[in-house]
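There are 2 protein chains.
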Amino acid sequence: MRMAGKASAQVIAMRGAGYYSSNTVGAKAVIDKAGDLVVEALGSMALEAAETTFSVCDYGAADGGTSLDMMRRLVDTVRQRAPGRAIQITYTDLPHNDFSALFRLTQGLLGDQAKPPIADTPNLYILGSGTSFYRQIVPDGTLNLGFSATAMHWLSKRPGLIADHVQAVGATPEEQALFRRQAMADWDTILLARARELAPGGKLVLANFCADEQGRYLGHTGGVNMFDEFARHWRDLWKAGRITEAEYRGATFQQFYKTPDEFAAPFRDPASAVAKAGLVLDHISTTVTACPYAADFARHGDAAAFARAYVPTLRSWSETVFAGALDAHRTAHERAAIVDAFYGAYEAEVAANPAGHAMDYVHCVTVISKKAGT
Amino acid sequence: MRMAGKASAQVIAMRGAGYYSSNTVGAKAVIDKAGDLVVEALGSMALEAAETTFSVCDYGAADGGTSLDMMRRLVDTVRQRAPGRAIQITYTDLPHNDFSALFRLTQGLLGDQAKPPIADTPNLYILGSGTSFYRQIVPDGTLNLGFSATAMHWLSKRPGLIADHVQAVGATPEEQALFRRQAMADWDTILLARARELAPGGKLVLANFCADEQGRYLGHTGGVNMFDEFARHWRDLWKAGRITEAEYRGATFQQFYKTPDEFAAPFRDPASAVAKAGLVLDHISTTVTACPYAADFARHGDAAAFARAYVPTLRSWSETVFAGALDAHRTAHERAAIVDAFYGAYEAEVAANPAGHAMDYVHCVTVISKKAGT
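Top line first, the protein sequences correspond to chains A and B.
Counting in UniProt numbering, the first sequence runs from 1 upward without gaps.
Counting in UniProt numbering, the second sequence runs from 1 upward without gaps.
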């Protein structure tokens, strides 16, 4: 669910030099930061005592590329304290994910060949699961460390359409309330599935997109608001008669960015199902990770080059929403022309007026533990 | 590694009606027969007693389609006796396998929609592993039932070339000895990896291609010898000057069909590493499964239709061997033309003279258990 890293390098590289490295550097930076909390979380576990397999899950892992260095740290940390203990890493994502890329990457058949493949670590077992994190993925009480980055903002279903915007951040209060309700129910579902999976004393380290204490969120950190740009360019197509009103209204991201208070809510209510399931919030913080494309632009100053690198990245994860909003009766050629016009207008705007465009990441990082004896 | 089943139906169906169903019916029939031994093997296990997850592996599972009905029987049998016990099925294959098809198939997103998806079974967890069965795939002592069908005839490496044939069945005694030695070492490697994985009392049910007590093997059960046909048509291309001598010699299947005695050998020697690892041979038998294409032909009598259905099936699993033997300097167009000519000649021969052509399966079925206390 998060951006695929090294495994897709060949395909992605075709879109232009630099795309690959910039595309993954931000996602990897977030995970590397969260890695400190993973190591800290391991510090409080009785790794040496148990004879069971030390079981790790990476939820929404894509090809596993961006979390690979963090996983190496995790494995090294466990191994130093419990040299004889088997370790299992279960990488999860939706069934259509490229699990072959994941297996090849972890076996050193793709990507960085300089380091020994993580799959060659003795007594380490790498598995994949094509099961959504809205369901239980491993058996009761077997999970020791659950990890997820930049995946759980995707809702289990779209609770409605956002008529005059594309994301809940720009929705009317009524629309936003629907999305918030779905997001809070989904958060419960995610946490209760993890509560069943976790062994007593097991922990989750989750880095999720959020709306932070200052109201910042992905692509909205002081400069131009990325989602407002999406909405404006989509609206322009409607005004120009290129798309219908239904198509205009239909473009709605199935996402919600919770605030830190919303992430914390189920833990603060002792009567909540999550609290009763034994989950405790050990840590919560927010972090902003600078857009690598804007950083590149600050170095090279070439607005057209920035626009050519930046907008196709936005397109890579947003295109299905806009293409999917178009009427099913349109020909493939029409659909492609409309979507090209949409991103073309965005790119032209960035090239003409690059200042303030940036897709900074804004994450809420939580560490959650399951109480022993629950 | 075995033929993909339902998940590939859409792609395969494009090659001609009937291809899909005939292609999988034989593979599935073998597995359904082995399913009786799986249920019998479960009968001797103390399923009720344990609190651990009941762990199943399907080694070389491809998309899981051909073993799906057998897995349903297995799950039902375990559940009847141990309703509360978690079950984990780990489907394994090489990393390039289409694991997305496997996950979609088991979740009911592909293939037969009439039965509830196996992944919807409560307290059942489906995982994938892109790790070769020449390596350990799950942690020590955690496997309860290992299954494999039509996969372990693939050697871990090719010990040499077969100069005047394409498969070890037609090799010189010296060449054959090299392949046999590799196959026996590989069998040890496979069994020792499984011995580590198996819990005490756990069992393996394996249905492998073999050369049976009467000397029969895949495509050699009394009529035309399929591998001799491959060799002859490949030799014809050399004689006609279409391929070089090096290309002629280079076409060699990385396979070996062991005899029942060879399958049994490590168990009969109490000093073998396999015996010392606690593995015991509970059952060994051979079985022939009739070629569905030849059966179709016996019904419809249309030789050209038989040839059009039969030879592309052979091509689907053999083409890489012949294409791979061609000189790297040849153009893609040249390579395609040679391979087309090769299968075209085979197809023309079957159409002209269909009697005796059949790819009957010949399997050796073994049930192996790990002694308690080892």
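If you're looking for bench data, these hints aren't it; they were derived computationally from the structure.
The structure presented is a predicted model; accordingly, all values stated were derived computationally and were not measured.
Treat each hint with caution, since some may be false.
[Unchecked claim] Mimicking DSS-like on lysine-lysine, the simulated pairs with C-alpha atoms at most 30 Å apart in a straight line are:
{"no.": "1", "chain 1": "A", "residue 1": "Lys115", "chain 2": "A", "residue 2": "Lys33"}
{"no.": "2", "chain 1": "B", "residue 1": "Lys157", "chain 2": "A", "residue 2": "Lys115"}
{"no.": "3", "chain 1": "B", "residue 1": "Lys115", "chain 2": "A", "residue 2": "Lys157"}
Evaluation of the provided hints:
no.: 1; hint: Lys115/A - Lys33/A; result: 21 Å, holds
no.: 2; hint: Lys157/B - Lys115/A; result: 25 Å, holds
no.: 3; hint: Lys115/B - Lys157/A; result: 25 Å, holds
The structure shown violates none of the earlier numbered hints.
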